[in-house]
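Enquirer: Given next are the chains, with one letter for each unit.
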Amino acid sequence: MGELKLMKGNEALAEAAIRAGADGYFGYPITPQSEVIEYLMAEKPFDRTGMVVLQAESEVASINMLYGGGGSGKKVMTSSSSPGISLMQEGISYLAGGEVPCVIANVVRGGPGLGDIQPAQSDYFQSVKGGGHGDYRLPCLAPASVQEMSDFVPVAFDLAFKYRTPVLIIADGLIGQMMEKVELFDQMPRLTDQEVIEKYPWATTGKPKGKERRILTSLDLDPHKLEKHNQHLHAKYNEIKENEVRYELIDTDDADYLFVAYGSSARICQKSVKLAREKGIKVGLLRIISLWPFASDVIKEFTAKGIKGFLSVEMSMGQMVEDIQLAVQGKTKVDHFGRVGGVIHSPEEVVEALEQKIIGG
Amino acid sequence: MAELSVQDIIKPENLVYEKTKLMTDKTLSYCPGCGHGTAHRLTMEVIEELGKENDTIGIAPVGCSVLAYEFMNIDMQQAAHGRAPAHATAVKRLWPNKVVFTYQGDGDLAAIGTAETIHACNRGEQIVIIFINNGIYGMTGGQMAPTTLPEMKTSTSPFGRDVASMGYPLKITELISNLPGVQYVSRQAVHSPAAARKAKRAIKKAFQNQIDNKPGLSFIEIVSNCNSGWKMTPNDSNEWMEENMFPYYPLGDIKVDGKLIEK
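The listed protein sequences correspond, in order, to chains A and B.
Residue numbers for the first sequence, in the working numbering: 1 to 361.
Residue numbers for the second sequence, in the working numbering: 362 to 624.
Read the hints as simulated data drawn from the structure, not as lab findings.
The structure presented is a predicted model; accordingly, all values stated were derived computationally and were not measured.
Even glycine gets a Cβ: it sits at the ideal position worked out from N, Cα and C.
Don't take every hint at face value.
[Stated by the list, open to error] Here are the simulated BS3-like pairs of lysine-lysine, each with C-alpha atoms no more than 25 Å apart in a straight line: (1) B/Lys592 to B/Lys459; (2) B/Lys387 to A/Lys209; (3) A/Lys207 to B/Lys561; (4) B/Lys372 to A/Lys207; (5) B/Lys459 to A/Lys199; (6) A/Lys211 to B/Lys566; (7) B/Lys592 to A/Lys207; (8) A/Lys300 to A/Lys282.
[Stated by the list, open to error] Quick list of the computed label-pair ranges, beta carbon to beta carbon: (9) B/Lys382 to A/Pro83: 28 to 36 Å; (10) B/Asn574 to A/Lys199: 44 to 52 Å; (11) B/Thr385 to A/Leu326: 44 to 52 Å; (12) A/Asn230 to B/Leu621: 28 to 36 Å; (13) B/Thr385 to A/Lys331: 56 to 64 Å; (14) A/Glu242 to B/Ser526: 36 to 44 Å.
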């Protein structure tokens, strides 16, 4: 068994970055995730593993530092919250275009604009539908516990390097701020410089003797070449869709209805499932773990098996619900329930919404 | 006396100049007469002479020199507009034994990338910045830059830069030279053989500082022409540059070994 600790989600994320063998963290403070960089600075990871931590002048700078670091084959990470992630969108588009691996954590707060500092899930569209310009996708993992804030960090790094893509960890202010017991995984070694050079021949680490130089760019002035590049990216995204859909089924075997939720909403829905079942309503929970690629096929299967309705429970005005509707294609009831602006729904409210919008609707 | 043929002349012992192998054979995308080609070549010559071709990572900007990676035969990344110093910061911190530089124009470095420039300088990142200042946005077709001179006509200041409404030309080089994180600052030109030789010495000193682990950033501004954007012949643009740009952006060392040069 790994080391057990009582930690905030943000601290677990930071500790996991060190233990996952990250080479660098570049970030800018913003509530509700400033504990990430505070923890890292206090922990002196350079002494522990040689990991570099730098407070950048802005989120714009930190995301472009990830391009520099990831582009030279190093495991790099940043974290921020909604307004900061908006600032990073230009950089994320360049990272996707240049196929540069890195991990970006978004501890989502209420929006739009400066919004507030309370938990929200209103950055779903931004995360899975683009955010930045151009045709690209981001693998996007949504932890629902402090444990997963830790566990998903090495998974995200693996995805980033396997597919040469930025990967998003999308939590919400609640997951970032709450304290839970977490079992930390053991320290993984950082790659040596020589290992990086051998493992990632595409990385700009200095032109190898007698070999071609490496160029990382997202520019291609020839439209036919750029079309090819987009087709190449698309093929990669299809491969990710094929292999990396992640979800969890809770009490779905006999279910007539399904809650679909992720992050904190999924935690709340677990209680809602219990409350509803006490009332004799057979409801289960499809917990979405990878917001993209989305578990569309799972939803299609449940639809084909005759599920009577899906309630998307999100701390937003209804974003993920659109992906459920796309999968269901009008074949059964789909609706949305959510509190927003930092207000968190109660389990009872969720059951009520199921009764009104799906069962009685 | 037998007539000399070309074959008699092109012998190794007669070789007086050779293109550095760190410049590719790709035809430069720059306008004939532009200083970028010379600035590229000097930078690459320096890296070759310092024996660092296998240990250098360059960061290209957005602007005319966005395609610098096509011409510089070393590992390179191409950054978003203005963000090259952020790239370079991370590369250098994660690969402290490598040589890292950015190559940026005035719009990239002194407008959209001002924050990245100033903060990389202020943190004393051990990188080299090569800054080409031609007082105009070349690639997008000759718009006003932060370094455009007062009364200078561009496509977005068609009646001349009115400093009262458009602001003053930004002397970002003087500005960053005051930061303690900066080791070496020099302003040079490449429009004549003499100027190019001086510029090369300055570029070499900048890279040598990094190789010697001297603390702080080394910054080379090259005041250059943009004959297309300025709508002049190459020769006229060089004369205009001497008469108008050099008085506002005087050439020479500004800071050496972390100390400002007394004028």
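Enquirer: Straight-line Cα separation of B/Lys372 and A/Lys207 no greater than 25 Å?
Expert: violated (30 Å)
Enquirer: Can the restraint linking B/Lys387 and A/Lys209 be considered satisfied, given a maximum Cα separation of 25 Å?
Expert: This hinted pair holds, its Cα atoms lying about 20 Å apart.
Enquirer: Does the Cβ-Cβ separation between B/Thr385 and A/Leu326 fall within 44 to 52 Å?
Expert: Since B/Thr385 and A/Leu326 have Cβ atoms about 47 Å apart, the given range 44 to 52 Å holds.
Enquirer: With 28 to 36 Å as the target window, see if A/Asn230 and B/Leu621 comply at their CB atoms.
Expert: violated (50 Å)
Enquirer: Hint says 56 to 64 Å; check whether the CB-CB distance for B/Thr385 and A/Lys331 agrees.
Expert: holds (58 Å)
Enquirer: Assess, step by step, whether the Cα of A/Lys207 is no farther than 25 Å from the Cα of B/Lys561, and give holds or violated.
Expert: holds (23 Å)
Enquirer: Run the distance test for B/Lys592 versus B/Lys459: straight-line Cα separation, threshold 25 Å.
Expert: violated (41 Å)
Enquirer: Is it true that B/Lys382 and A/Pro83 lie within 28 to 36 Å of each other by Cβ?
Expert: Because 48 Å falls outside the window, the suggested range is violated.
Enquirer: With the threshold set at 25 Å, check whether the alpha-carbon distance from B/Lys592 to A/Lys207 stays at or below it.
Expert: violated (39 Å)
Enquirer: Within a Cα-Cα threshold of 25 Å, do A/Lys211 and B/Lys566 meet the stated pairing?
Expert: violated (28 Å)
Enquirer: Lying within 36 to 44 Å: is that true of the beta-carbon distance A/Glu242 to B/Ser526?
Expert: violated (57 Å)
Enquirer: At the C-beta level, are B/Asn574 and A/Lys199 separated by a distance inside 44 to 52 Å?
Expert: Violated: the Cβ-Cβ distance is about 28 Å, outside 44 to 52 Å.
Checked against the numbered hints listed earlier, the structure breaks hints 1, 4, 6, 7, 9, 10, 12 and 14; every other hint is satisfied.
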